[in-house]
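Student: Fit chain B to the given chain A structure using the hints.
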Amino acid sequence: MKSDPFKTATATWLESSRMTAQNLNSLVKRLPRWLDSDAPHSDIVITTRVRLARNLADYPFPNAANREQLEEIVQEIYRVLAPSPLLGAAMFLDMQKLGKLERKFLVERRLISPAYAESLKPAMLAVGEDEYLSLMVNEEDHLRIQSIQPGLNVEEAWRLIMHLDDALGEQLDYAFTDQFGYLTACPTNTGTGMRVSLFVHLPALAMLEEIERVIAKLAPSEITVRGFYGEGTEVVGNIFQISNQLTLGRTDDNIIKRMEEVAHKLLSLEADARDRLLNDQLLQLEDRIWRAVGILKYARMISSLEFLNLLSYLRLGMDLGIIKNVNRSLLNELMVVLQPAHLQKTYRDAQEDLSRDVRRVQLVREKIGVLL
Amino acid sequence: MLCQICKKRPAAISYTQVINQKKTQLSLCVKCAEEKGITNPLAGLPEMFGEILAHILGEEPFLEAEAEASGKSARRCPGCNRSFSDFEKTGLLGCDECYQTFEKELAILLRRIHGSNKHIGSRPRPRRAMTTARDLVKLRKELEEAIHKEKFERAAELRDLIRDAEREANHKTPARNRKQAK
Numbered sequence: 000m001k002s003d004p005f006k007t008a009t010a011t012w013l014e015s016s017r018m019t020a021q022n023l024n025s026l027v028k029r030l031p032r033w034l035d036s037d038a039p040h041s042d043i044v045i046t047t048r049v050r051l052a053r054n055l056a057d058y059p060f061p062n063a064a065n066r067e068q069l070e071e072i073v074q075e076i077y078r079v080l081a082p083s084p085l086l087g088a089a090m091f092l093d094m095q096k097l098g099k100l101e102r103k104f105l106v107e108r109r110l111i112s113p114a115y116a117e118s119l120k121p122a123m124l125a126v127g128e129d130e131y132l133s134l135m136v137n138e139e140d141h142l143r144i145q146s147i148q149p150g151l152n153v154e155e156a157w158r159l160i161m162h163l164d165d166a167l168g169e170q171l172d173y174a175f176t177d178q179f180g181y182l183t184a185c186p187t188n189t190g191t192g193m194r195v196s197l198f199v200h201l202p203a204l205a206m207l208e209e210i211e212r213v214i215a216k217l218a219p220s221e222i223t224v225r226g227f228y229g230e231g232t233e234v235v236g237n238i239f240q241i242s243n244q245l246t247l248g249r250t251d252d253n254i255i256k257r258m259e260e261v262a263h264k265l266l267s268l269e270a271d272a273r274d275r276l277l278n279d280q281l282l283q284l285e286d287r288i289w290r291a292v293g294i295l296k297y298a299r300m301i302s303s304l305e306f307l308n309l310l311s312y313l314r315l316g317m318d319l320g321i322i323k324n325v326n327r328s329l330l331n332e333l334m335v336v337l338q339p340a341h342l343q344k345t346y347r348d349a350q351e352d353l354s355r356d357v358r359r360v361q362l363v364r365e366k367i368g369v370l371l
Numbered sequence: 000m001l002c003q004i005c006k007k008r009p010a011a012i013s014y015t016q017v018i019n020q021k022k023t024q025l026s027l028c029v030k031c032a033e034e035k036g037i038t039n040p041l042a043g044l045p046e047m048f049g050e051i052l053a054h055i056l057g058e059e060p061f062l063e064a065e066a067e068a069s070g071k072s073a074r075r076c077p078g079c080n081r082s083f084s085d086f087e088k089t090g091l092l093g094c095d096e097c098y099q100t101f102e103k104e105l106a107i108l109l110r111r112i113h114g115s116n117k118h119i120g121s122r123p124r125p126r127r128a129m130t131t132a133r134d135l136v137k138l139r140k141e142l143e144e145a146i147h148k149e150k151f152e153r154a155a156e157l158r159d160l161i162r163d164a165e166r167e168a169n170h171k172t173p174a175r176n177r178k179q180a181k
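As given, the protein sequences belong to chains A and B, one line each in that order. Final position of the first sequence in numbering that gives the first Met the number 0 is 371; the numbers increase by one with none missing. Final position of the second sequence in numbering that gives the first Met the number 0 is 181; the numbers increase by one with none missing.
Next comes chain A alone, as it looks inside the complex:
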């Protein structure tokens, strides 16, 4: 039989999708570059993320498309993305080839959303070389493009995603009208389709119980604040996600400027709260921090939630010079690699809740034990 010299888009994508398991394993073995700790304001802003929602014209949105259409969308986007230099040495993962654990790993890694992890539709995840850029195909919209940078760096995150979006827009027929801008499945994303999120660490404001007041003060109608509350009033890890809420009737620049303003406001409020803690409540502050150190040093098992809370105080202690010899990039690394699915993918003896909690605390001591 004569071989067909014209590989169809289908064939190329199918070929590439065979690499899915291998690609996932190489993700397990490496660390994302957005963990870098010398980024601007990385003492308070952990990461900056920009995401864009895009759809292809003429195809129904993923919630209304049939399997064949969803597969076509994957192929079309793969064909445009695969040769693009903007993702560097990119990886392409066929979501349908991934099990529950692998999907959980990708959520923890911030490459996919929890909703995407549950979806059984034909879908593709593209991951750029350093994990600064990634794309979910067939999430709520045909394309969700994401750009992550360490620290407060909206400009750089925006620069990278804009070039990728421009390049894609030159080859894909985006659903767009002059009146409404980029058309998205949910009207809360219509317009720019742009959501800027800052992940901020606000332990001093939390300790002083001023968070609620600060949130209320932050341009209430345009900013969304999200966090995880643990038992009581404590926010898990004292980490909050601050995002722009509105996407229509604003330019991309408006949104970026607004979020930068908000970030600087938060930076100064948290810095001020840290000063007040140092001046007025040093004993209570040191007590919290050294208790966290004590637990990390002697506990026999620690859950992922408890760990995030302890890590928060370790980080604060380091920022304030109370704990010496611990560096931020190591703490950032622990925050990623000690998550449940990360542990489970990396260590054979970490398959159960209990064994993971034991392994977690062992790893903490292996990595930073001598320094505590």
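Careful: at least some of the hints might be erroneous.
[Stated by the list, open to error] Capping the alpha-carbon separation at 30 Å, the derived lysine-lysine pairs in DSBU-like fashion look like this: (1) K296(A) / K256(A); (2) K344(A) / K296(A); (3) K296(A) / K264(A); (4) K96(A) / K120(A); (5) K140(B) / K150(B); (6) K256(A) / K117(B); (7) K137(B) / K296(A); (8) K103(B) / K96(A); (9) K216(A) / K28(A); (10) K137(B) / K150(B); (11) K150(B) / K366(A); (12) K148(B) / K99(A); (13) K323(A) / K366(A); (14) K344(A) / K150(B); (15) K96(A) / K137(B); (16) K103(B) / K88(B); (17) K366(A) / K28(A); (18) K99(A) / K150(B); (19) K30(B) / K96(A); (20) K344(A) / K96(A); (21) K120(A) / K6(B); (22) K256(A) / K216(A); (23) K88(B) / K117(B); (24) K120(A) / K30(B); (25) K216(A) / K117(B); (26) K117(B) / K103(B); (27) K323(A) / K99(A); (28) K117(B) / K99(A); (29) K28(A) / K344(A); (30) K99(A) / K137(B); (31) K6(B) / K103(B); (32) K120(A) / K28(A); (33) K137(B) / K148(B); (34) K344(A) / K88(B); (35) K150(B) / K120(A); (36) K99(A) / K140(B); (37) K148(B) / K28(A); (38) K120(A) / K137(B); (39) K7(B) / K344(A).
What the hints contain is simulated information worked out from the structure, not anything from laboratory work. Model, not experiment: these values are computed from the prediction.
Tutor: Positioned in the frame of chain A, the structure of chain B alone reads:
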């Protein structure tokens, strides 16, 4: 309080979102939170924008939805065959054509959500490729069909078209972008 997902174990964490000074909470047990991969606040927290949408939709019924409720035949989007009340149920539109079909309703809704219904942000770049990836997929399908039906003359034509389009596609990444990627 019980976990809102499994409704069995006690809730240990609650996921909170503040929009327009309105707080929305989702309380979960550790197990369910870990199952969902949302124990880490650094991972993408679920967007609960649906809540504001539902709130806005609940404020007053839209004409289209009213017409439907009173038994008049519902207008359906020719693109995805969905009606406006389908959208009200899920909070998701079915296709880009819905924006045209339900333009009036959406113009009102978008103004309520965003305080504006006119896009002023960036636009997509003009399409560079003469043949889009989409066209290529179509051409390749046609080629397969032609071969299958043993229409070899047409197949040869299609093959040339595809070859040209592919050559074009491989050369169209602009130099500007290539430079800035490094």
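Student: Decide, hint by hint, whether the structure agrees.
Tutor: Going through the hints against the structure:
1. For a cut-off of 30 Å, the pair hint linking K296(A) to K256(A) is broken: about 43 Å separates their Cα positions.
2. At roughly 25 Å between alpha-carbon atoms, K344(A) and K296(A) fall within 30 Å of each other, so this suggested pair holds.
3. Annotation: proposed proximity of K296(A) to K264(A) is violated, straight-line Cα distance about 36 Å (limit 30 Å).
4. For a cut-off of 30 Å, the pair hint linking K96(A) to K120(A) stands: about 11 Å separates their Cα positions.
5. Between K140(B) and K150(B) the alpha-carbon distance is near 14 Å, which keeps this suggested pair within the 30 Å criterion.
6. Our distance criterion of 30 Å between C-alpha atoms is met by K256(A) and K117(B), whose separation comes to about 20 Å.
7. As the CA atoms of K137(B) and K296(A) are separated by approximately 62 Å, the hinted pair breaks the 30 Å bound.
8. Our distance criterion of 30 Å between C-alpha atoms is broken by K103(B) and K96(A), whose separation comes to about 42 Å.
9. At roughly 42 Å between alpha-carbon atoms, K216(A) and K28(A) are farther apart than 30 Å, so this suggested pair is violated.
10. Distance check on the hinted pair: K137(B) and K150(B) sit about 17 Å apart at the alpha-carbon level, within 30 Å; holds.
11. In summary, the hint linking K150(B) to K366(A) is not supported, as the alpha carbons are separated by about 67 Å, beyond the 30 Å threshold.
12. Distance restraint check for K148(B) and K99(A): the Cα-Cα separation of roughly 43 Å exceeds the 30 Å cut-off, and the hinted pair is therefore not satisfied.
13. For the given pair, K323(A) sits about 15 Å from K366(A) by alpha-carbon distance, which is consistent with the 30 Å threshold.
14. Proximity of K344(A) to K150(B) is assessed by CA-CA distance (about 52 Å); at most 30 Å being required, the pair is judged violated.
15. Restraint check for K96(A) and K137(B): the C-alpha separation of about 26 Å stays at or below 30 Å, so the hint holds.
16. The hinted pair formed by K103(B) and K88(B) meets the criterion: a straight-line CA distance of about 18 Å does not exceed 30 Å.
17. Restraint check for K366(A) and K28(A): the C-alpha separation of about 17 Å stays at or below 30 Å, so the hint holds.
18. Annotation: proposed proximity of K99(A) to K150(B) is violated, straight-line Cα distance about 46 Å (limit 30 Å).
19. Only pairs whose Cα atoms come within 30 Å are accepted, and K30(B) paired with K96(A) is accepted, the gap being roughly 25 Å.
20. At roughly 16 Å between alpha-carbon atoms, K344(A) and K96(A) fall within 30 Å of each other, so this suggested pair holds.
21. With a CA separation close to 27 Å, the supplied pair K120(A) and K6(B) stays within the 30 Å bound.
22. At most 30 Å may separate the alpha-carbon atoms for a hinted pair to count; K256(A) and K216(A) meet this at roughly 18 Å.
23. With a C-alpha separation of about 25 Å, the suggested pair K88(B) and K117(B) falls inside the 30 Å cut-off, and the hint holds.
24. For the hint linking K120(A) to K30(B), the alpha-carbon distance of about 25 Å falls within 30 Å, and the restraint holds.
25. Proximity of K216(A) to K117(B) is assessed by CA-CA distance (about 28 Å); at most 30 Å being required, the pair is judged to hold.
26. Taken as a hint, the K117(B) and K103(B) pair is honoured in the structure, with Cα atoms around 13 Å apart against an allowance of 30 Å.
27. Between K323(A) and K99(A) the CA atoms are separated by roughly 40 Å; this puts the pair beyond 30 Å, and the hint is violated.
28. The suggested pairing of K117(B) with K99(A) is violated, with an alpha-carbon distance near 41 Å, which exceeds 30 Å.
29. Simply put, K28(A) and K344(A) have alpha-carbon atoms about 10 Å apart, close enough for the 30 Å limit, and the pair holds.
30. A threshold of 30 Å between alpha carbons decides the hint, and for K99(A) with K137(B) the separation of about 34 Å lies outside it, so the pair is violated.
31. Only pairs whose Cα atoms come within 30 Å are accepted, and K6(B) paired with K103(B) is rejected, the gap being roughly 41 Å.
32. Simply put, K120(A) and K28(A) have alpha-carbon atoms about 27 Å apart, close enough for the 30 Å limit, and the pair holds.
33. For the given pair, K137(B) sits about 16 Å from K148(B) by alpha-carbon distance, which is consistent with the 30 Å threshold.
34. The suggested pairing of K344(A) with K88(B) is violated, with an alpha-carbon distance near 39 Å, which exceeds 30 Å.
35. A C-alpha spacing of about 35 Å is found between K150(B) and K120(A), which places the hinted pair above 30 Å, so the restraint is violated.
36. Taking the CA atoms of K99(A) and K140(B), the gap is about 34 Å. The hint is violated against a cut of 30 Å.
37. Simply put, K148(B) and K28(A) have alpha-carbon atoms about 49 Å apart, too far for the 30 Å limit, and the pair is violated.
38. A hinted pair counts as satisfied when its Cα atoms are at most 30 Å apart, and K120(A) with K137(B) qualifies at roughly 22 Å.
39. A threshold of 30 Å between alpha carbons decides the hint, and for K7(B) with K344(A) the separation of about 28 Å falls inside it, so the pair holds.
When each numbered hint is compared with the structure, violations occur for hints 1, 3, 7, 8, 9, 11, 12, 14, 18, 27, 28, 30, 31, 34, 35, 36, 37.
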